Amino acid sequence: MSFLLYLAVGAAAGILAGLFGIGGGMVIVPVLIFSLAAQGVPAEVLTHMAVATSLTTIVFTSFSSVKEHHANGAIDWMLVRQMATGIVTGTALGVALITEVPGETLQTIIGVFALLLSVKMFSGWEPPGQGDKPGQAGLLTAGGIIGFGSSWFGIGGGTFTVPYLTWMRFSMRQAVATSAACGIPIAATGAVANVVAGWQHDGLPLWSTGFVYWPAVAGIALTSVPFARVGARLAHKLNAGLLKKLFAVLLCVVGIRFIFF
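Offset between the sequence shown (1-based) and my numbering: plus 63.
If you are wondering where the hints come from, they were derived from the structure by calculation, not from laboratory data.
Keep in mind the model is a prediction, meaning the values are calculated, not measured.
Each hint should be verified, as a subset may be incorrect.
What the hints assert, rightly or not - Below, computed lysine-lysine pairings styled on DSS-like, alpha-carbon distance capped at 25 Å:
id, residue 1, residue 2
1, 196, 183
2, 300, 130
3, 196, 300
4, 300, 183
5, 183, 308
Throw the hints in and build the complete structure from the sequences for me.
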């Protein structure tokens, strides 16, 4: 039954990625928290496992998106390389610090982030394109901040990277494509770091390696890629603005649940 749930979560995450150009981490993490709790996973590790598992799914699901964007020439690979060292460092540091945060506190932090993201999506706010491309030090710093934040919320970085790139006057098409490419080092570093951080930790269920729970990774990866194509097609047929507001309401509910209950 749990595996069927993970298949459904992967489908939902894929559709959201196709519709809005964002990853499904903010759907995957809450559902994993609830499902792992229902399986009896101790509260001390279930939130960390949800974040780690969400990051790991991105390793498998992002390649299809990146391949398509690359074929269309939309990825600025030079920028990805310039940010990569910062991304890897920030992600690894984020995982190292998050391991020391109690599960309930981490859920509250995720809840606050969900509420902030809900407000952003409902309002439709995007940063104005007024920034110039910074130097190498600036790109390394930005990559570090993006990697650090992504490691705490189990996301591929699009929530941070796309606004940053649009601020640098990238077109939305280039921003989404380059953000997808940046998601690979975030996810790969996050997956490895969470395996190390959770190695032989008490309370981990079977079929987990460190904080990564492989049945969930498999189920989500199987459906998220094909359903991302479904979401991309629906984006041309449905009122994406209305759907984004509905998703914002869902994030608001998740945020309130994690903060107050």
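* Would you check the hint for residue 300 and residue 183, treating anything up to 25 Å between C-alpha atoms as holding? => Since the Cα atoms of residue 300 and residue 183 sit roughly 23 Å apart, the hinted pair holds (cutoff 25 Å).
* Would you mind confirming whether the straight-line C-alpha gap from residue 196 to residue 300 stays at or under 25 Å? => Violated, at about 35 Å.
* **Straight-line alpha-carbon gap residue 196 to residue 183, limit 25 Å** => holds, 24 Å
* Asked: Are the Cα atoms of residue 183 and residue 308 separated by 25 Å or less?
  -> holds, 10 Å
* Does the structure keep residue 300 and residue 130 at a Cα separation of 25 Å or less? -> holds, 24 Å
Consistency note: the structure conflicts with earlier hint 3 alone.
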